[in-house]
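Chains F and A, in that order, give the protein sequences.
Under this note's numbering, the first residue of the first sequence carries the number 143, and numbering increases by one thereafter.
Under this note's numbering, the first residue of the second sequence carries the number 143, and numbering increases by one thereafter.
Take these hints with a grain of salt, some might be off.
Given that identical chains are not distinguished, each listed pair holds provided it fits within a single copy or across any two copies.
The list that follows gives simulated cross-link-like pairs (lysine-lysine, DSSO-like), each with its CA atoms no further than 27 Å apart [stated by the list, open to error]:
1. Lys566 - Lys622
2. Lys622 - Lys283
3. Lys638 - Lys490
4. Lys638 - Lys565
5. Lys252 - Lys490
6. Lys650 - Lys566
Since the hints were made in silico from the structure, they are not lab data.
There are 2 protein chains.
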Amino acid sequence: MTSRLLTEGIKSRVRRPSLFSKLTTIEDVIDSGFFKDGMRMGWSGFTGVGYPKVTPIALAEHVEKNNLQGKLKFDLFVGASTAAEAEDRWAKNGMIARRYPYQLGKLLRKEINKNTIKFADKHLSEFPLDLISGYYTLEKKGNVMEKLDVAIVEATAITEKGHIIPGASVGATPEIVQSAANIIIEVNTELPNFEGLHDITSSSFAPYKFPNLIQRVDDRTFIPCDADKVIAVIETKLPDHTSDSEPQDDTSRHIANHILDLFEHEVSMARMPPQLLPLQSGVGNIANAIIGGLADGPFSDVEVWTEVIQDTFLDFWEHHKLSFASATSVAFSPAGFKRFYEMWGELKDRLVLRSQSVSNSPEIIRRLGVIAMNTPVEFDIYGHANSTHVNGTKMLNGLGGSNDFLRNAKLSIVHTPSTRPTKKDPIGISCIVPMCSHVDQTEHDLDILVTEQGLADVRGLAPIERARVIIDKCAHPKYKPILNDYLNLAETRCMKIGAAHEPHLLDKVFKMHLNALSEDNTMRIDSW
Amino acid sequence: MTSRLLTEGIKSRVRRPSLFSKLTTIEDVIDSGFFKDGMRMGWSGFTGVGYPKVTPIALAEHVEKNNLQGKLKFDLFVGASTAAEAEDRWAKNGMIARRYPYQLGKLLRKEINKNTIKFADKHLSEFPLDLISGYYTLEKKGNVMEKLDVAIVEATAITEKGHIIPGASVGATPEIVQSAANIIIEVNTELPNFEGLHDITSSSFAPYKFPNLIQRVDDRTFIPCDADKVIAVIETKLPDHTSDSEPQDDTSRHIANHILDLFEHEVSMARMPPQLLPLQSGVGNIANAIIGGLADGPFSDVEVWTEVIQDTFLDFWEHHKLSFASATSVAFSPAGFKRFYEMWGELKDRLVLRSQSVSNSPEIIRRLGVIAMNTPVEFDIYGHANSTHVNGTKMLNGLGGSNDFLRNAKLSIVHTPSTRPTKKDPIGISCIVPMCSHVDQTEHDLDILVTEQGLADVRGLAPIERARVIIDKCAHPKYKPILNDYLNLAETRCMKIGAAHEPHLLDKVFKMHLNALSEDNTMRIDSW
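Work out the full structure, taking the sequences as your base and the hints as a guide.
Take a look at the structure:
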């Protein structure tokens, strides 16, 4: 360590002086030959925030400068997505052998869909458990210890004991640190110190697991870290690179209104208390419209138990409708982060970030009776949903936490526009199909399905009843006759062979999908 | 009440004398006009044991004698299956409008597949919660209260406080009693008093739910029951009508051996302790072979956390390999029940029966790190499984608890013979298919897939890697080339359009299924 690395920023953020001896630059770590082809690597980061800012970029530059494309390849494990531009650069440089369990990156996705990068998506609550259980390192003996060759994690401070205060996300960082042989900490001295915003528990193993006894929402802790495993402490000053918030449109506002009407109905039927039940909402413009609607809506003292906090939550707080939120990351737009830091003093007592094995825990989601809301690629007439694979084959981003929430929630809601455009037809894709081309959520999981057309409440209904109400309430008017024809034809044919509990025509079931893939480029078929 | 109803049996089993005034016969209850068309009704019972023995039969006779077929129809809610012969008679008499969430009955299934009886299957852990949350009675206000018009439940005793000691199953009986306006108790004085065999908690609602703090395996309780709601106490003497245990064959023994080898490997790799982790096993001959293998195997002090206890568990105990078992029912064969009663004194401290919302709870299954094992109808090359619908349309029995366990287990195993016969081909059905015709368990849930051919360990693998190992290890030799051809063709075609994360040919994906449904009557197709 040269003394020029011991800046005022580092002195104010790193409270364990023995770690000063590990101060270095990423260039020096790379030059030391530490990084080797085939390493298993974990990063901090979740929904594009809290990821390491300098190491990935420096490694990409190293590969590009020394023509090491395809010769320095890593298995990369992160709680969810990081900065797409860094991961895309890695994908382009052939630096990723495997990438689990969720991603956002155009080039990365391209390589995944060419099968040059191995990718598998997994329930986000289970991924950290699989990691520490050694399920990604089956040739190694034992639980936990040193499954990963290196963890590269962002901190906004380090405590006296050497424990890590993360930034805008927790995600799987605790388990990644827990299972790494070597740890590189990037201390971001430009971000505010996020101390006091997190409540973090490390994962334990059966048969030594304990009930998750979260007793107070305001417990505040950090990521335990074995200081002897820290091989480098590096100062960074780069912000999280996020994009602007997705604007609401008429479609998303219609969807939000249907859902708000449902909430009022459930309260009036005494199935929900006046403050509702804790909410989980996904990302994107529909989620924004729902939270925006709630910020202006009739419900007070609402609580949130979710994965990601986005811009519209700031209004929700500011209008004094949201009493407390728990998540695993805050992924604001640049303008949102500015507002968030300004509201910091007030919000600190109304927000906590937890690890994804807790934020997405089936145990707690079921106990709290969460209302879960997510956008799938498509859903089918019987109430299955596809959240991952377009036409059953092309990976979008991954399963994420959708199934942790939708399976275990008290009220499970999926919402999507009824159609999407293709190049040749502005309503060329119907998001309601006879059978999902890939099933992530099953008919046994979902209660409510919504489009801008209307809301289908399928609680307590048998499959054919479900199909009638889903087509009637959710399908676009142009697709209603097509889907009804399918259902009637399938019912008639299956009835003849006494197999009509969930009627289907296996020879025609994907005809709409195939037609959209063809020259026609639309799901609007003339006949079955 | 006439005094001839106050038998010695009743006096010894009903410890709340005020209930003597409710002693009656089912014929008198029927004659009183209590049962009305359109009633919502709950029964005790799970996996064909612990169901009411006289009321269903008496009601069927009443309908048959008075030509009321189709005129006295009920919505019927039971934890899982009851006696198939009673339910089949009801189905034949047109006495069932709806039947949730699981069943076993030839005629009942026939009507379900003709859509004359509405049926929906649901995760067994969630069904009781949906019931008390009013999801099957959406037109009624409020939680819990009086969702069902009547609960008909079997007891082997009634306590001083009027609480119910059930028989061989708990299932959803606590929630059915909790949500009924009227309660009919059938006191079975011929069965032993099962007192001390159950640990029962009633379900509560968000936002008033508490962690499930089971602290001792030997807590012993009963089903809380409001004595004022009891309208009839009826003595019965009929045993549970169960069938003989399914015999093990070479196929099931091969499958069991693959799984026992895996357990030894996992222990040697220190991913599992020497006593294994708590086991869940399904029903049928494969489950019998596995438990039979464990009874003679190298593991001691094994614990079981499961749904149903069957005959081979008696050996498991007798050989001092099984230390403790928790389930929601004991469904022995007639010979097994005899043995069970003989071993009663010894087993009472090594067995407890709980409600299905606890035995199947995601919270506890994940905490305990359960090893889950179940038999699906088919699984596909990417690791999805179909547990419910033959050819995607014909309901077998229902989802049951398969997904409660397989989703949340530490090690999720599905096992099936690699083929099943059709009328024309002894290996006409391959249980490994390109795409499941109905998806109940997703690729995100399963770790291990087994047939008599071998065991595929897909932990940590990406979809195409999974497909290669599943075809290689699990498919029947006659189907291997067919499935490999599909995979190669799908990969080539999807690669061309950059959509090969999980390659499929949507126009051909069910060709094997369709061929089996055709004159050919086999999945062995000549080409794709």
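| Status of Lys622 relative to Lys566 across identical chains (alpha carbons, at most 27 Å) | This pair counts as within: shortest intra-copy Cα distance 20 Å, inter-copy 40 Å.
| request: Could you place Lys638 and Lys565 in one of the four classes (within, between, both, neither) given a Cα distance threshold of 27 Å? | output: between (40 Å within a copy, 19 Å between copies)
| query | Is it within, between, both, or neither for Lys622 and Lys283, if the alpha carbons may be no more than 27 Å apart? | reply | neither (56 Å within a copy, 32 Å between copies)
| For Lys638 vs Lys490, is the C-alpha pair at or below 27 Å within one copy, between two copies, both, or neither? | neither (63 Å within a copy, 51 Å between copies)
| field | Same-copy or cross-copy closeness of Lys252 to Lys490 [CA-CA at most 27 Å] | value | neither (40 Å within a copy, 59 Å between copies)
| message | If the cut is 27 Å between Cα atoms, do Lys650 and Lys566 qualify within a copy, between copies, both or neither? | response | both (23 Å within a copy, 25 Å between copies)
Checked against the numbered hints above, the structure breaks hints 2, 3 and 5 and satisfies the rest.
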